[in-house]
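Asker: For the record, the sequence lines run as chains A and B. With the first letter of the first sequence counted as 1, position 262 gets the number 262 in the numbering used here; the numbers rise by one all the way through. With the first letter of the second sequence counted as 1, position 188 gets the number 188 in the numbering used here; the numbers rise by one all the way through.
By construction, these hints were calculated from the structure, which means they are not laboratory data. As the structure is a computational prediction, the values presented were derived from the model and not from experiment. Take these hints with a grain of salt, some might be off.
So the derived label-pair ranges between C-beta atoms look like this [to be verified]:
| hint | chain 1 | residue 1 | chain 2 | residue 2 | range |
| --- | --- | --- | --- | --- | --- |
| 1 | A | Q114 | B | W365 | 28 to 38 angstroms |
| 2 | A | A211 | B | L241 | 36 to 46 angstroms |
| 3 | B | L131 | A | F5 | 28 to 38 angstroms |
| 4 | B | G322 | A | S196 | 46 to 56 angstroms |
| 5 | A | G113 | B | P240 | 25 to 35 angstroms |
| 6 | A | A85 | B | L131 | 42 to 52 angstroms |
| 7 | A | L253 | B | D326 | 17 to 27 angstroms |
Example chain A residues on the side facing chain B (calculated, C-beta under 8 angstroms, incomplete) [said to hold, decoys possible]:
| hint | residue |
| --- | --- |
| 8 | Q114 |
| 9 | D135 |
| 10 | L256 |
| 11 | P260 |
| 12 | L290 |
| 13 | M294 |
| 14 | V295 |
| 15 | V306 |
Only part of the chain A face toward chain B is listed, based on derived beta-carbon distances under 10 angstroms [what the hints assert, rightly or not]:
| hint | residue |
| --- | --- |
| 16 | H66 |
| 17 | F129 |
| 18 | F314 |
C-beta atoms are modelled at their ideal positions from N, C-alpha and C, and glycine is treated no differently.
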Amino acid sequence: MPEQFYWGLEAALNGLMTGVLYALVALGFVLIYKASGIFNYAQGVMALFAALTLVGIMQGQVPFAHLINAIFGTDVHHFGWHLPALAGIILTLGVMILFAWIVQKLIFKHLVGQEPIILFMATIGLAYFLEGFGDIMWGSDIKALDVGLPQGINSWLDETTFNAFNYGFFIDNLDVVATVIAAILVAALVVFSQYSKQGRAMRAVADDHQAALSVGINLNFIWVLVWSLAGFVALVAGVMWGTKSGVQFSLSLIALKALPVLMLGGFTSIPGAIVGGLIIGVGEKLFEFLIGPMVGGATENWFAYVLALIFLVFRPQGLFGEKIIERV
Amino acid sequence: MFYREAGDFKTTYRDDNQTFPIKFDRLRYYAVLFVAFAIVPFIINDYWVSAVFLPFLIYAIAAIGLNVLVGYAGQVSLGTGGFMAVGAYACYKFMTGLDIWIGGVEYALPPINIFFSVILAGAVTAVVGVLFGLPSLRIKGFYLAVATLAAQFFLVWLFNKWAWAYNYSASGQISAPERGVFGIPVTGPSTSAWATYLFCLVFVTVLALVARNLTRGSTGRKWMAIRDMDIAAEIIGVNPLKAKLTAFAVSSFYIGIAGALFFSVYLGAVEVGEAFGINKSFLVLFMVIIGGLGSIFGSFAGAAFLVLLPVLLKNVLVGGLGWPTDLAAHLEFMIVGGLIVTFLILEPHGLAQLWRVIKEKLRLWPFPH
Chain A
1 MPEQFYWGLE
11 AALNGLMTGV
21 LYALVALGFV
31 LIYKASGIFN
41 YAQGVMALFA
51 ALTLVGIMQG
61 QVPFAHLINA
71 IFGTDVHHFG
81 WHLPALAGII
91 LTLGVMILFA
101 WIVQKLIFKH
111 LVGQEPIILF
121 MATIGLAYFL
131 EGFGDIMWGS
141 DIKALDVGLP
151 QGINSWLDET
161 TFNAFNYGFF
171 IDNLDVVATV
181 IAAILVAALV
191 VFSQYSKQGR
201 AMRAVADDHQ
211 AALSVGINLN
221 FIWVLVWSLA
231 GFVALVAGVM
241 WGTKSGVQFS
251 LSLIALKALP
261 VLMLGGFTSI
271 PGAIVGGLII
281 GVGEKLFEFL
291 IGPMVGGATE
301 NWFAYVLALI
311 FLVFRPQGLF
321 GEKIIERV
Chain B
1 MFYREAGDFK
11 TTYRDDNQTF
21 PIKFDRLRYY
31 AVLFVAFAIV
41 PFIINDYWVS
51 AVFLPFLIYA
61 IAAIGLNVLV
71 GYAGQVSLGT
81 GGFMAVGAYA
91 CYKFMTGLDI
101 WIGGVEYALP
111 PINIFFSVIL
121 AGAVTAVVGV
131 LFGLPSLRIK
141 GFYLAVATLA
151 AQFFLVWLFN
161 KWAWAYNYSA
171 SGQISAPERG
181 VFGIPVTGPS
191 TSAWATYLFC
201 LVFVTVLALV
211 ARNLTRGSTG
221 RKWMAIRDMD
231 IAAEIIGVNP
241 LKAKLTAFAV
251 SSFYIGIAGA
261 LFFSVYLGAV
271 EVGEAFGINK
281 SFLVLFMVII
291 GGLGSIFGSF
301 AGAAFLVLLP
311 VLLKNVLVGG
321 LGWPTDLAAH
331 LEFMIVGGLI
341 VTFLILEPHG
351 LAQLWRVIKE
361 KLRLWPFPH
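Please put together the full structure from these sequences, using the hints given.
Answerer: In structure tokens, the structure reads:
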């Protein structure tokens with residue numbers, strides 16, 4: 001076998017792993033869209049905010065330290081404690097639930113019944129707000145996030161493949177962990193929405209708001225629940241990406257990467273988000289590997305969108321989306 | 001008292017169909033034009049032009065363009081930054097002399113006058129816009145919004161990699177050489193404030209007038225029919241292919257001109273990822289939302305609002321309170337985001353709707369009964 005083939009295979013494998021991370025972000029989108037019809041652009045910023053909060057809590061940063069110092073002329077930065085990762089994650093989850101509740105109370109309660117596009121724009125506004133808010137609260141410098149996940153080359157795979165093919169495959173341990181966690185998360189979400197009472201209520205709301213309301217389901221509660229779940233998914237995605245490349249502004253841009261994933265998979269399908277993520281992940285890595293050198297590289301920036309665009313022309317509802325039926 | 005139509009008798013069809021049918025409105029419009037053309041150029045200085053007037057005028061063109069697409073034709077686009085980049089690079093190629101290589105032989109056009117370069121840049125962008133608008137016939141709503149992101153990212157990448165587009169310059173940047181109209185420089189380092197201002201103002205005035213009349217006429221009514229419900233529009237005889245593609249073409253033409261002016265007159269030198277990134281797309285979209293979807297006046301109001309807000313915040317927070325600039329920048333993000341949400345909750349139709357309400361009030365003021 002030529003070296004080229006192995007390189008390509010390695011690129012595809014790594015793409016598969018990246019795809020899982022894309023799918024994690026896309027999952028948050030699907031959850032909210034299914035239950036409330038809101039296309040939540042702020043999902044990526046929520047991941048950033050969750051990661052920032054986690055780092056801040058773990059390192060004992062004083063929230064709004066920069067602002068307080070600027071107004072009162074003080075010089076406070078840290079409380080001087082270091083929390084273990086688990087405590088930090090639980091506290092951050094609390095913050096995300098509080099955030100979900102505030103968002104529902106202050107914004108989306110007032111926008112019930114508006115056109116989807118207005119709701120979409122509201123989430124863009126929310127994304128801007130949250131971005132500035134996160135930076136003011138925790139500072140905008142790049143932070144390292146370490147919650148004890150394994151990192152670095154997976155030496156077992158490297159050795160095994162080297163013995164078998166005389167070429168060692170490079171896979172990051174973190175990606176393997178991310179894949180496992182994503183699989184568990186998806187399974188848990190499916191179980192939750194299929195078998196629990198709240199999950200059934202969630203699906204009922206997704207099906208028809210008014211019918212759900214008439215059988216006594218508390219819409220407001222379900223929406224807060226869904227936003228909290230999305231906040232949880234954002235936290236997981238934020239931890240993964242934050243560990244991988246540091247907690248910084250560019251984290252919020254994965255949301256943009258998750259959009260073509262969604263389009264491929266269909267906005268309403270959880271399996272679609274996973275499959276779409278994998279296709280995009282593998283596709284962009286392989287394209288960069290095969291075509292990239294011919295056109296000057298960095299094709300990862302746009303490949304996903306163009307792929308999704310071309311795909312949609314032939315199948316406008318995505319791979320697993322519900323068929324779009326239009327009536328006058 | 002103001003904006004009364006009473007006593008304003010129309011005796012010809014021409015009078016009845018004019019752009020501003022109410023006499024007070026018409027006079028106010030002439031007054032604004034008079035101030036803009038005959039008074040402002042004499043009193044502005046470099047700071048005002050580069051901080052307020054040029055960005056306002058240029059973003060107003062972009063916002064009108066996007067408003068045609070989103071507000072009138074109902075096709076949400078997040079590719080504005082990419083289309084502005086097309087306009088900027090096309091303008092650069094035309095003003096430095098377009099070179100075409102066929103079989104290793106160079107055929108070079110002479111440099112074209114900056115005024116016509118800008119217009120040609122708009123035309124090129126219109127073609128690109130139609131190309132990226134083609135999928136809109138199959139893809140709708142959110143899916144289309146995301147699909148236009150393909151244009152955004154692909155075009156920015158293209159102008160980063162395609163050396164021909166930036167004339168093989170080592171830095172990968174494009175910078176506008178000195179060009180002028182009637183011997184007065186409007187691009188390059190040695191321009192005077194009033195010349196650049198007037199140059200942009202001419203474009204804004206003409207384009208806004210054309211847009212206003214396009215949207216009032218049959219083209220605009222077809223766009224609006226498509227926006228309200230495309231299947232129903234098709235049944236009453238609107239050709240969706242033609243309506244959607246003309247919307248994309250007109251919108252991209254405007255955005256291309258805005259991009260060309262943004263590069264050549266306002267910034268002078270441009271690095272594509274920085275000047276025409278995804279944030280630009282969102283900024284123009286915000287202008288359209290805050291100003292009001294489906295309103296030409298709204299585009300101006302939105303552009304003015306989002307150009308003035310950062311200037312104001314910067315002056316108050318950094319200049320007045322002495323805060324660090326990064327803090328002010330983050331606060332600006334929060335305020336812009338918060339304002340957008342507030343606007344959508346309180347007044348989904350934007351500043352233009354507020355203006356309409358005020359006009360209704362003024363009509364009967366001071367005796368409302």
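Asker: Each hint: holds or not?
Answerer: These are the hints, each one checked on the structure:
With their beta carbons about 32 angstroms apart, A:Q114 and B:W365 fall inside the hinted range of 28 to 38 angstroms. Between A:A211 and B:L241 the CB atoms are about 38 angstroms apart, so this pair conforms to the stated range of 36 to 46 angstroms. For B:L131 and A:F5, the hinted distance range of 28 to 38 angstroms is satisfied, since their beta carbons lie about 36 angstroms from each other. The hint said 46 to 56 angstroms for the Cβ distance between B:G322 and A:S196, and at roughly 54 angstroms that hint holds.
About 27 angstroms separates the C-beta atoms of A:G113 and B:P240, a value consistent with the hinted range of 25 to 35 angstroms. The hinted window of 42 to 52 angstroms between A:A85 and B:L131 holds, with their beta carbons roughly 50 angstroms apart. About 19 angstroms separates the C-beta atoms of A:L253 and B:D326, a value consistent with the hinted range of 17 to 27 angstroms. Taking 8 angstroms as the C-beta contact cut-off toward chain B, the hint placing A:Q114 at the interface holds, the least distance being around 7 angstroms.
Hint status for A:D135 relative to chain B: holds, with the closest Cβ pair at about 4 angstroms, below 8 angstroms. Here the hint on A:L256 is kept, as its CB sits about 7 angstroms from the closest CB of chain B, short of 8 angstroms. Annotation: A:P260 was flagged as interfacial toward chain B, and the flag holds, the nearest CB pair being 7 angstroms apart, inside 8 angstroms. Taking 8 angstroms as the C-beta contact cut-off toward chain B, the hint placing A:L290 at the interface is violated, the least distance being around 17 angstroms.
A distance limit of 8 angstroms between C-beta atoms decides the matter here; for A:M294 the minimum to chain B is near 11 angstroms, and the interface restraint is violated. At a threshold of 8 angstroms, the smallest CB-CB gap from A:V295 to chain B is about 7 angstroms, leaving the interface hint in force. Nearest Cβ of chain B to the Cβ of A:V306: about 5 angstroms, under the 8 angstroms cut. The hint holds. Hint on A:H66 holds. Least Cβ distance to chain B is approximately 6 angstroms, under the 10 angstroms limit.
Taking 10 angstroms as the C-beta cut-off, the interface hint given for A:F129 holds, the closest approach to chain B being about 3 angstroms. Given the 10 angstroms rule on beta carbons, the hint for A:F314 holds: about 8 angstroms separates it from the nearest Cβ of chain B.
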